[in-house]
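S.K.: The primary structure of each chain is shown beneath.
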Amino acid sequence: MHRTLLHRLAGVAALGLLLGACGDDGGNDWDTSLEQPTVIETNGHFALVNGAWDELELLTPSSDSVAIAPFEAPGEIVTIRGVGDERIALITRPDTAFHLVDPATGNTETWPLDNPYDAFAVSDDGRFVVLYTSPSGSGDPDSILFNPNAVTVIDRDAPADAEPRTFSLTGPRPQTVTFAPAFTLLDPDAPKHMAVITGQSAVSFVDLTTDEDIDRQRLVRLTDPSTGRQLTPRSVVFSSDDPGDPNDVTAFVLASGSAELFAIDLLPADPATGREIQPAINQITTVTSPNELHRFVIDGREKLLVTGSGGLDIAVVDVRTNAVSRVQLDRPLTSAELFEEEADGAIRPRAILYRPGDALVYFAELDAIERQGMGALRARTLGGAVNAVEILETGGSRKALARYTNNTGLSVINIDTRTEVPIPARVQLGDFVIAGDLFFAVVPGTSKLGVVDLLTESVGELDLPAAGVSVHAALGANALLVVHDSDYGHVSVLSLATFTDGPHTELRGLFFDDLFDREF
Amino acid sequence: MTRTHARSAFALAMMLLVPVGAVAQDADAETDAPAESAVPAETADAAADDEAVAADSDADAEAADDAGQGEDAAADAAAETAPAAEADTMSDDEDIDFDAVTEPSPGAATNATPPEYKPPTRATSDVVANLSRANGTNRWSSRDVEPNRRELRFFVGSNVQSTNDDGLDAVLFEQGRFTSGRVGLEAALGGGLAIGANYAWGSDSSTIFDEIGTELDIQGADVFARYTFEPLPWLRPYLQAEVGFRAAELTLNADDTDLADDAIGFTYGGFGGFEIRYPARNVSIALFNEHGYQGTTPFSFDSARWSDSDAATVDLGDLEFAGYTWRMGVRFGVAF
Numbered sequence: 001m002h003r004t005l006l007h008r009l010a011g012v013a014a015l016g017l018l019l020g021a022c023g024d025d026g027g028n029d030w031d032t033s034l035e036q037p038t039v040i041e042t043n044g045h046f047a048l049v050n051g052a053w054d055e056l057e058l059l060t061p062s063s064d065s066v067a068i069a070p071f072e073a074p075g076e077i078v079t080i081r082g083v084g085d086e087r088i089a090l091i092t093r094p095d096t097a098f099h100l101v102d103p104a105t106g107n108t109e110t111w112p113l114d115n116p117y118d119a120f121a122v123s124d125d126g127r128f129v130v131l132y133t134s135p136s137g138s139g140d141p142d143s144i145l146f147n148p149n150a151v152t153v154i155d156r157d158a159p160a161d162a163e164p165r166t167f168s169l170t171g172p173r174p175q176t177v178t179f180a181p182a183f184t185l186l187d188p189d190a191p192k193h194m195a196v197i198t199g200q201s202a203v204s205f206v207d208l209t210t211d212e213d214i215d216r217q218r219l220v221r222l223t224d225p226s227t228g229r230q231l232t233p234r235s236v237v238f239s240s241d242d243p244g245d246p247n248d249v250t251a252f253v254l255a256s257g258s259a260e261l262f263a264i265d266l267l268p269a270d271p272a273t274g275r276e277i278q279p280a281i282n283q284i285t286t287v288t289s290p291n292e293l294h295r296f297v298i299d300g301r302e303k304l305l306v307t308g309s310g311g312l313d314i315a316v317v318d319v320r321t322n323a324v325s326r327v328q329l330d331r332p333l334t335s336a337e338l339f340e341e342e343a344d345g346a347i348r349p350r351a352i353l354y355r356p357g358d359a360l361v362y363f364a365e366l367d368a369i370e371r372q373g374m375g376a377l378r379a380r381t382l383g384g385a386v387n388a389v390e391i392l393e394t395g396g397s398r399k400a401l402a403r404y405t406n407n408t409g410l411s412v413i414n415i416d417t418r419t420e421v422p423i424p425a426r427v428q429l430g431d432f433v434i435a436g437d438l439f440f441a442v443v444p445g446t447s448k449l450g451v452v453d454l455l456t457e458s459v460g461e462l463d464l465p466a467a468g469v470s471v472h473a474a475l476g477a478n479a480l481l482v483v484h485d486s487d488y489g490h491v492s493v494l495s496l497a498t499f500t501d502g503p504h505t506e507l508r509g510l511f512f513d514d515l516f517d518r519e520f
Numbered sequence: 521m522t523r524t525h526a527r528s529a530f531a532l533a534m535m536l537l538v539p540v541g542a543v544a545q546d547a548d549a550e551t552d553a554p555a556e557s558a559v560p561a562e563t564a565d566a567a568a569d570d571e572a573v574a575a576d577s578d579a580d581a582e583a584a585d586d587a588g589q590g591e592d593a594a595a596d597a598a599a600e601t602a603p604a605a606e607a608d609t610m611s612d613d614e615d616i617d618f619d620a621v622t623e624p625s626p627g628a629a630t631n632a633t634p635p636e637y638k639p640p641t642r643a644t645s646d647v648v649a650n651l652s653r654a655n656g657t658n659r660w661s662s663r664d665v666e667p668n669r670r671e672l673r674f675f676v677g678s679n680v681q682s683t684n685d686d687g688l689d690a691v692l693f694e695q696g697r698f699t700s701g702r703v704g705l706e707a708a709l710g711g712g713l714a715i716g717a718n719y720a721w722g723s724d725s726s727t728i729f730d731e732i733g734t735e736l737d738i739q740g741a742d743v744f745a746r747y748t749f750e751p752l753p754w755l756r757p758y759l760q761a762e763v764g765f766r767a768a769e770l771t772l773n774a775d776d777t778d779l780a781d782d783a784i785g786f787t788y789g790g791f792g793g794f795e796i797r798y799p800a801r802n803v804s805i806a807l808f809n810e811h812g813y814q815g816t817t818p819f820s821f822d823s824a825r826w827s828d829s830d831a832a833t834v835d836l837g838d839l840e841f842a843g844y845t846w847r848m849g850v851r852f853g854v855a856f
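Protein chains in written order, with this note's numbering: chain D, 1 to 520; chain B, 521 to 856.
Honestly, the hints are just simulated from the structure, not real lab data.
From the three backbone atoms N, C-alpha and C, an ideal C-beta is built for every residue, glycine too.
Among these hints, one or two may not hold up.
[To be verified] Taking CB as the label site, the calculated pair distances span: (1) B:822 <-> D:357: 49 to 59 Å; (2) D:62 <-> B:822: 15 to 25 Å; (3) D:107 <-> B:735: 34 to 44 Å; (4) B:694 <-> D:485: 28 to 38 Å; (5) B:822 <-> D:444: 26 to 36 Å; (6) B:823 <-> D:64: 15 to 25 Å; (7) B:735 <-> D:62: 18 to 28 Å; (8) B:822 <-> D:191: 51 to 61 Å; (9) D:64 <-> B:733: 45 to 55 Å; (10) B:694 <-> D:514: 22 to 32 Å; (11) D:444 <-> B:694: 32 to 42 Å; (12) D:144 <-> B:822: 42 to 52 Å; (13) D:476 <-> B:694: 48 to 58 Å; (14) B:823 <-> D:107: 26 to 36 Å.
[What the hints assert, rightly or not] Sample of chain D residues facing chain B (criterion: CB under 7 Å; computed from the structure): (15) 465; (16) 488; (17) 507; (18) 512; (19) 514; (20) 517.
[Unchecked claim] So these bits of chain D aren't anywhere near chain B, every CB distance computed over 10 Å: (21) 137; (22) 149; (23) 248; (24) 298; (25) 345; (26) 426; (27) 435; (28) 498.
Taking the hints into account, I'd like the entire structure generated from these sequences.
M.R.: The following block contains the structure:
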């Protein structure tokens, strides 16, 4: 009897376990690791990129609230960044496509792509987009082969049914893509739109509008390939264009590993060749190890300021004649920030010359530096070793902000009076942003936000609900965004109008919004 | 009746009582019958033999049996085997002197006329049961399985519910399945109908995104109605319908801080199942196993708050429990 009873109980239990085991024991979709969000600022919005789920949280601050709109990317986000002040651009895969998102409306323009690009460049006017594979890109991870020289050009002014143009570059694989200002050659009514694509020891000028293969790319090698010498182009500066002069467009290329500046004239080609443009290259010896290249104008005459990183000199190059003036310095000055000021009834070019790590900066009168040498420089010693200088356009007066090395403080420089107010920090500052006349910096590990009024040089600090890791500004929304140290979306939004005493909007768990309704 | 016939009748009765007897053996301790009062087999057989003949004519024993007065009926049955003078002196309310029963006088035994054999009838099992009561080895009867009997029952069990809401996997340690407990009271009203109410509770936890702990606590109550069939005395299938409510509390723990919200949902369900029941005279025990569908209106966690800050509330979304549900447990009943 007992055995029968036990057998029956065991049978019931086994049946129950069998039925109970029928549940779904599949993989866990919730094991994804969240990531610290990256922030894209547009004019009136913030976009928090949730890389784990390929989503954006679009925040639109108003005077008393923050509207939140999630935006699901149509695929895995490969690259994303803001374009101008109004758009967010991104590349997605596996069905590779380029998208332009309007954060105000969520409207998206999409261009399907044939190649697994991971980088793009957008012209300043937003008309052209060049998609390419970055130097570290390796194409589609599911494909064996890929073409690193493939590029696709999107012309947003083209007819709606026009396909993006895809072609392969000759020469080295692309490293950077920039855009030349529109210029004219023989026909003043036919502006040329070109992209400058740099590669190892070479520069390509790519016509963005032509359908002719022969004119699509002009490759200019900076060295003779047979020598094995390797140069890395670092910056390209274009001279201005006079529509009446077909021979006045020159691209100046500064390259690492070369003591020379490359001047590439973009000239009308011989009609017999069937081409439109004929590049001509010249090498200009400037300074030892050129470091930075800046263009300025003196009485309508274009000049280039070349700083070096390996010697006690700087150089001024006349764009028209390629004549070089060298100025001997008493100490190396590797960087420059240019500005203009009115003097003697004319706009004069000026610069702040400095070397990162040195507290000494120089105010340079560029219109006189060729003649006076060191006599055109005025030294100032700042409150700390300078890391970078930034010219600010504050309300009514011009200031420069010099940040100290290791984020140990800053100096506010009054350009007009050549005076400086040092503002050292007792602790190391973190990420910072300049919003109008205000400087904000987070302090890692503390729930404080440092504030400097650049007009009055007054300082203060705000309490935050948690330590911040980065700070961002959306001037169109007159708002500030502080990202806190969290992987699930923790930010504070402050109104720039009332940030000193107004309420802060703390959004915590942004990535938890509709958490249980998500489809992975 | 021969001793062989009596043994056959007893065996038949025991087969019909399977597996009640197994429990009845264990339940002997509750009868308070002294071990030494057990009736020797020979005497019991003889008593059964006599009862088989006298049952129809013994109105007192039949009435007592119908009323469930087993001891009284057994006393009457035992009196049939005793000398007439002794039987007349015993009232129905008096305790039975089992020693006297097991040692009949030699004169009575020799003067008794052997009864005529009758084949076992349906009443045989009742008779044997009566004898079992009388000898204290089996005080239960298949008549106690009567579905019409009114009982007040307490039950406890488990509830395993399959879930189809992917969001629930964030809070369930075992994906797709939520286990809870149930405890309740019910009243069997007779005619196979029972109504009742239960309290249900459950809790589960998990970890998501490698660092965020989740915990879901649910409790609530249901009322239900059940109709029970009786194809076999010990196996009783049934159908059940129920409605109720659940209160859920969800907590996400991130960076040692809780994000929590409450929600209410209403439940509904229908089940089919069976119970294996072991009834005693006034009590019963049953193991039940039921399957069906249970649903809950979505829990809306749309205002989750952080425990340590005034940050804006978070809309976590909805969680919905609905799906196949399996239950098992045990019911204890008391007749009333």
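S.K.: Now tell me if each hint is right for this structure.
M.R.: Hints, one by one, checked against the model:
Checked against the given bound of 49 to 59 Å, the beta carbons of residue 822 of chain B and residue 357 of chain D, roughly 54 Å apart, stay inside it. Taking the beta carbon of each, residue 62 of chain D and residue 822 of chain B are about 22 Å apart, inside 15 to 25 Å as hinted. Checking the proposed 34 to 44 Å range against residue 107 of chain D and residue 735 of chain B shows it holds: the Cβ atoms sit about 41 Å from each other. Evaluation of the 28 to 38 Å hint for residue 694 of chain B and residue 485 of chain D yields a pass: the beta carbon distance comes to about 33 Å.
The supplied range of 26 to 36 Å is met by residue 822 of chain B and residue 444 of chain D, whose beta-carbon atoms lie about 34 Å from each other. Between residue 823 of chain B and residue 64 of chain D the beta carbon distance is about 20 Å. The supplied range of 15 to 25 Å therefore holds. At about 36 Å, the beta-carbon gap between residue 735 of chain B and residue 62 of chain D misses the expected band of 18 to 28 Å. Hint check: residue 822 of chain B to residue 191 of chain D, Cβ distance near 55 Å, so the stated range 51 to 61 Å holds.
Against the hinted window of 45 to 55 Å, the Cβ-Cβ separation of residue 64 of chain D and residue 733 of chain B comes to about 34 Å, which falls outside the hint. Restraint check, residue 694 of chain B to residue 514 of chain D: a C-beta distance of roughly 24 Å satisfies the suggested window 22 to 32 Å. Separation of residue 444 of chain D from residue 694 of chain B is about 41 Å and conforms to the stated range, judged on CB atoms against 32 to 42 Å. In this structure the supplied range 42 to 52 Å holds for residue 144 of chain D paired with residue 822 of chain B, their Cβ-Cβ distance being about 48 Å.
Range check, residue 476 of chain D to residue 694 of chain B: Cβ separation about 49 Å, and the 48 to 58 Å hint holds. Checking the proposed 26 to 36 Å range against residue 823 of chain B and residue 107 of chain D shows it holds: the Cβ atoms sit about 31 Å from each other. Given the 7 Å rule on beta carbons, the hint for residue 465 of chain D holds: about 6 Å separates it from the nearest Cβ of chain B. Interface hint status for residue 488 of chain D: upheld, as the beta-carbon distance to the closest one in chain B is roughly 6 Å, under 7 Å.
Interface hint status for residue 507 of chain D: upheld, as the beta-carbon distance to the closest one in chain B is roughly 6 Å, under 7 Å. The closest approach between the C-beta of residue 512 of chain D and any C-beta of chain B is roughly 5 Å, which is under the 7 Å cut-off, so the hint is satisfied. For residue 514 of chain D, the interface hint holds, since its Cβ comes within 7 Å of a Cβ in chain B; the closest pair sits about 5 Å apart. Among the interface hints, the one on residue 517 of chain D holds; its C-beta lies about 4 Å from the nearest C-beta in chain B, closer than the 7 Å criterion.
For residue 137 of chain D, the non-interface assignment is confirmed: its Cβ lies about 28 Å from the closest Cβ of chain B, beyond the 10 Å cut-off. The claim that residue 149 of chain D is not at the interface with chain B holds, since no C-beta of that chain comes within 10 Å of its own (minimum 40 Å). No beta-carbon of chain B comes within 10 Å of the beta-carbon of residue 248 of chain D; the shortest separation is about 58 Å. For residue 298 of chain D, the condition that its CB be more than 10 Å from all CB atoms of chain B holds, with the nearest at approximately 56 Å.
No beta-carbon of chain B is positioned within 10 Å of the beta-carbon of residue 345 of chain D; the least distance is around 57 Å. Against the 10 Å criterion, residue 426 of chain D stays outside the reach of chain B, whose nearest CB is about 27 Å from its own CB. No Cβ of chain B approaches the Cβ of residue 435 of chain D within 10 Å, the least distance being about 23 Å, so the stated non-interface status holds. No beta-carbon of chain B is positioned within 10 Å of the beta-carbon of residue 498 of chain D; the least distance is around 17 Å.
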